[in-house]
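Below, each chain spelled out in residue letters.
2 protein chains.
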Amino acid sequence: MSSNTGDTGRGQRLYKKARTLIPGGTQLLSKRPEMFLPEQWPAYYSRAKGAEVWDLDGRRYLDTTHFGVGACVLGFADEDVDQAVLGAIQSGTMSTLNAPEEVELAELLIELHPWADMARFARCGGEVMAIAVRIARAATGRDKVAFCGYHGWQDWYLAANLATDALGNHLLSGLEPAGVPRGLANTMFPFMYNDIEQFRRVVETHGKELAAIVMEPCRAEGPAPGFLEEIRETASRLGAVLIFDEVTTGFRVLTGGIHRKFGVDPDLAAFAKGMGNGYPMAAVIGKRAVMEAAQSTFISSTYWTERVGPVAALATIRKHRDKNVAEHLIQVGRTVKAGWKRAAEQTGLTLHIDGIDPLAHFDIQCEHKAAVVTLFIQSMLDRGFLASAQLYASYAHQPAHLEQYLGAVTESFDVVARALEEGTVEKLLRGPVKHSGFQRLA
Amino acid sequence: MSSNTGDTGRGQRLYKKARTLIPGGTQLLSKRPEMFLPEQWPAYYSRAKGAEVWDLDGRRYLDTTHFGVGACVLGFADEDVDQAVLGAIQSGTMSTLNAPEEVELAELLIELHPWADMARFARCGGEVMAIAVRIARAATGRDKVAFCGYHGWQDWYLAANLATDALGNHLLSGLEPAGVPRGLANTMFPFMYNDIEQFRRVVETHGKELAAIVMEPCRAEGPAPGFLEEIRETASRLGAVLIFDEVTTGFRVLTGGIHRKFGVDPDLAAFAKGMGNGYPMAAVIGKRAVMEAAQSTFISSTYWTERVGPVAALATIRKHRDKNVAEHLIQVGRTVKAGWKRAAEQTGLTLHIDGIDPLAHFDIQCEHKAAVVTLFIQSMLDRGFLASAQLYASYAHQPAHLEQYLGAVTESFDVVARALEEGTVEKLLRGPVKHSGFQRLA
Ligand SMILES: Cc1ncc(COP(=O)(O)O)c(C=O)c1O
Ligand SMILES: Cc1ncc(COP(=O)(O)O)c(C=O)c1O
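Chains as they are written, first to last, in the numbering used here: chain A, 1 to 442; chain B, 1 to 442.
Simulated from the structure, these hints should not be mistaken for laboratory data. Where hints are given, some of them may not hold.
Lysine to any residue pairs mimicking SDA-like chemistry, simulated, CA-CA at most 20 angstroms apart [unchecked claim]: (1) A:K17 / B:K16; (2) B:K287 / B:F262; (3) A:K341 / A:E403; (4) A:K16 / B:A289; (5) A:K49 / B:E107; (6) A:K17 / B:L112; (7) A:K17 / B:H435; (8) A:K208 / B:A178; (9) B:K287 / A:R19; (10) B:K287 / A:T20; (11) B:K17 / A:R288; (12) B:K16 / A:E107; (13) A:K17 / B:D117; (14) A:K287 / A:F262; (15) A:K17 / B:A178; (16) A:K16 / B:E111; (17) A:K17 / B:E107; (18) B:K261 / B:I330; (19) B:K369 / B:H435; (20) A:K16 / B:I110; (21) A:K287 / B:K17; (22) A:K17 / B:W115; (23) A:K319 / A:D82; (24) B:K208 / A:G183; (25) A:K49 / B:G87; (26) A:K16 / B:R288; (27) A:K16 / B:A178; (28) A:K17 / B:E292; (29) B:K17 / A:E104; (30) A:K17 / B:K17; (31) A:K17 / B:R288.
Label-pair restraints from in silico Cβ distances [as the list claims (entries may be wrong)]: (32) A:E422 / B:G239: 11 to 21 angstroms; (33) A:W115 / B:E422: 48 to 58 angstroms; (34) B:E209 / A:A163: 45 to 55 angstroms; (35) B:E197 / A:A370: 56 to 66 angstroms; (36) B:R201 / A:Q90: 48 to 58 angstroms; (37) A:R60 / B:G239: 49 to 59 angstroms; (38) A:R288 / B:H368: 30 to 40 angstroms; (39) B:G407 / A:Q83: 35 to 45 angstroms; (40) A:G263 / B:P432: 41 to 51 angstroms.
By construction, the Cβ of each residue, glycine as well, lies at the ideal position given by its N, Cα and C atoms.
Working from the sequences, and respecting the hints, build out all of it.
Here it is as structure tokens:
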């Protein structure tokens, strides 16, 4: 692992240029260098393989952060998936005819989720969630949506913020829904995860006007007893479509949607990040009666017919199942959580740890959290790690990696603990404090 | 070329299954077998290379139809693009850091369109049009859109049909906008291409409430003198954002947007099909003052950060420019149009031919058009051609292909002409008549 002195050279220089050419600098908020380490984060990669990433200066890092925002459960550039994709490229990835692999993929997803009968595909998570909501609205003839959590960038979802700061607790506080048509006001009604009272209030007010209830089956914590069951029963009673957004939770603790662990089936479920190991692919699966409503509306796009996505998904999902990747992800998460706890105890920090094991997250209990986390990230980067206050587990994370990682975490927690004690957090930072949410770049 | 007897075997069997697993059977309306030759179209491909496609039974066809709906200007499985993509795969297509190629691509697109300053990327055409409209609405603080033509599956666009059958002339007649929230009614105002009077009426009624004017710079025909100029002036006067949708017209008659030929610059332009040669990629470029509005809203998606798309686009666009691919596409289109005309004269058919040369289209002047075109398609398939009433030119279409194609066209026009004379069109069809627009599958 290369030791890093804060001069991230070419990456930061390119990013400076990018900000003049690309509004916001990147295509994804979670990959903005400012979300990690402003002015110091390497920003761009030249190579990624397994759990390692090389920046534009050839510096090597171990990736112990959100790992491509959770898009690579098998690790970067997985040989088996790439081999399958190379085959698809050799035989042509686009034609006037359709790719037979999409039918195979529909069958596989339905086999993994026996409650589902049909599938439609897209290439992005936000996009496939918009499809799911379109289908639910078409199936019910209603417009309103009760929701919990984050579901992408599209109008139907951001409309939640037209009236109040409804997304403050779900996406990012203070997000103005600029550019979202005002006619969508009063279509989106939030409830907090595990707050059944709030859910009931939404249902009391909007009841049979709800087209859909949209949520992740599980968030930082699992469902309280009866929570998902009551939502399921309510949806059925109201004739609303229950949509589980498995874009992030899918393929973490089992091969398929995490809802299978909870024994509650939705009417539609959407997948994206877990399923293509980095190649654009997304799916919505569902019960026939609901899915057939897709035929009463127009849902159609050219690139949804290319072959790389389905081929990558078939290879990813089969390897996931054959190698019991979920078990590995859970083990990595447990090891990391235990290691964080131990390191905190050793260094005198107080942590709050949450997230399902494969999507582990910690919160340092202190003042000026953003500055403290920035110092942690800087210290980890100095030691050759891309790190943040979360670790998304991948199949490429091996015990030796975790040992190195937890060693560096202990050292960095120590740096942080001493800085907190001595009041030198800001002084030790070689650049600005990280951003914590949505923030306009100057 | 294999001669085909109408038994398309495995493809049709798989498609039968697909219809039970995928609502609507395919991911794109234009790739539904029923849009060509119900019960006979090969439906799926095993291999595609250059201008040739192999079906699931190993039968080989020359592709002389919409050629992947226009997504492969260089031809299927182009070696140079695929080589670049293989390089990207080898070095990893996803990581926690960003792909530097997206900055390079932004620069290249801006170099090709000197009026533009910034770019954002997505992976699908409908998706990037939704981004363009979001940006326009955010930049103006207005919601209404004047539009002409087809712009994808998303809510903002289909909302046009909430009030009347406004899309009848632009997309597909009779399309119900099921699942599109009713709050979007009265946001979309259509005008027909080259109908400046209709455009003026929209402007008179909605004037300074218009966020955007969305259109293809050119459709089947080019712009009437002054048409685009008046729209440009009107947009500037109203403070509305002029968006040129170049998803289909881009990279056909020159390297970049067709608007450069007409000397009228928009505020935003969107690209997709022409730019990735089959790999999912889409871009919106625009003037800084408008594009910066992207920062006042939330436009962010995980797969927009992967590396295949930008790498494929860089390779496609550079080859397009270096080899003067546009000139080839124009020549192919001219040869085909002249050949259609000659074949029609020889066989006694009357054709109406339109479309810019690389996107050539004919219309047989007769009754029962759908049945007649179905017979043409059947006759061409029997002769080893994927064909329809249009030909999208590709760099892979070589003179020898066109000679074979035009020979088969002459034979098939002759079949059609005699059937029309003898009143045997329906009798000669070995399956149902093709669908002509949006139609629910049984
Ligand atoms: C639960 C959930 N839904 C939807 C999305 C949007 O997916 P994408 O980033 O692929 O558009 C995300 C992405 O973070 C997500 O976590
Ligand atoms: C002019 C135009 N705009 C938008 C689209 C939608 O693009 P996509 O099919 O990639 O979603 C198309 C596709 O046919 C198009 O021709």
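Hints versus structure:
1. A:K17 / B:K16: The given pair, whose Cα atoms are some 52 angstroms apart, is violated under the 20 angstroms limit.
2. B:K287 / B:F262: 18 angstroms, holds
3. A:K341 / A:E403: 14 angstroms, holds
4. A:K16 / B:A289: 19 angstroms, holds
5. A:K49 / B:E107: Violated, because 28 angstroms separates the two Cα atoms, which is more than 20 angstroms.
6. A:K17 / B:L112: 18 angstroms, holds
7. A:K17 / B:H435: Distance of about 50 angstroms is beyond 20 angstroms: violated.
8. A:K208 / B:A178: Roughly 18 angstroms between the alpha carbons, so the hint for K208 (chain A) and A178 (chain B) holds.
9. B:K287 / A:R19: Given pair K287 (chain B), R19 (chain A) holds - Cα atoms ~14 angstroms apart, limit 20 angstroms.
10. B:K287 / A:T20: Holds, at roughly 12 angstroms.
11. B:K17 / A:R288: 14 angstroms, holds
12. B:K16 / A:E107: Judged against 20 angstroms, a Cα distance of about 14 angstroms means the pair holds.
13. A:K17 / B:D117: 12 angstroms, holds
14. A:K287 / A:F262: Judged against 20 angstroms, a Cα distance of about 18 angstroms means the pair holds.
15. A:K17 / B:A178: Roughly 44 angstroms separates the two Cα atoms, so the pair is violated.
16. A:K16 / B:E111: Holds. K16 (chain A) to E111 (chain B) sits at ~19 angstroms (cutoff 20 angstroms).
17. A:K17 / B:E107: 10 angstroms, holds
18. B:K261 / B:I330: Distance ~14 angstroms between K261 (chain B) and I330 (chain B) Cα, so the pair holds.
19. B:K369 / B:H435: Within the cut-off at roughly 11 angstroms; holds.
20. A:K16 / B:I110: 17 angstroms, holds
21. A:K287 / B:K17: This hinted pair holds, its Cα atoms lying about 16 angstroms apart.
22. A:K17 / B:W115: 18 angstroms, holds
23. A:K319 / A:D82: 12 angstroms, holds
24. B:K208 / A:G183: 18 angstroms, holds
25. A:K49 / B:G87: Holds, at roughly 13 angstroms.
26. A:K16 / B:R288: This hinted pair holds, its Cα atoms lying about 16 angstroms apart.
27. A:K16 / B:A178: 45 angstroms, violated
28. A:K17 / B:E292: Holds - the C-alpha atoms of E292 (chain B) and K17 (chain A) are around 15 angstroms apart, at most 20 angstroms.
29. B:K17 / A:E104: Roughly 10 angstroms between the alpha carbons, so the hint for K17 (chain B) and E104 (chain A) holds.
30. A:K17 / B:K17: 50 angstroms, violated
31. A:K17 / B:R288: Since the Cα atoms of K17 (chain A) and R288 (chain B) sit roughly 14 angstroms apart, the hinted pair holds (cutoff 20 angstroms).
32. A:E422 / B:G239: 11 to 21 angstroms: Since the Cβ atoms of E422 (chain A) and G239 (chain B) sit about 55 angstroms apart, the hinted range of 11 to 21 angstroms is violated.
33. A:W115 / B:E422: 48 to 58 angstroms: 55 angstroms, holds
34. B:E209 / A:A163: 45 to 55 angstroms: 21 angstroms, violated
35. B:E197 / A:A370: 56 to 66 angstroms: 58 angstroms, holds
36. B:R201 / A:Q90: 48 to 58 angstroms: 54 angstroms, holds
37. A:R60 / B:G239: 49 to 59 angstroms: 51 angstroms, holds
38. A:R288 / B:H368: 30 to 40 angstroms: 35 angstroms, holds
39. B:G407 / A:Q83: 35 to 45 angstroms: 41 angstroms, holds
40. A:G263 / B:P432: 41 to 51 angstroms: Hint holds: Cβ distance 45 angstroms, inside 41 to 51 angstroms.
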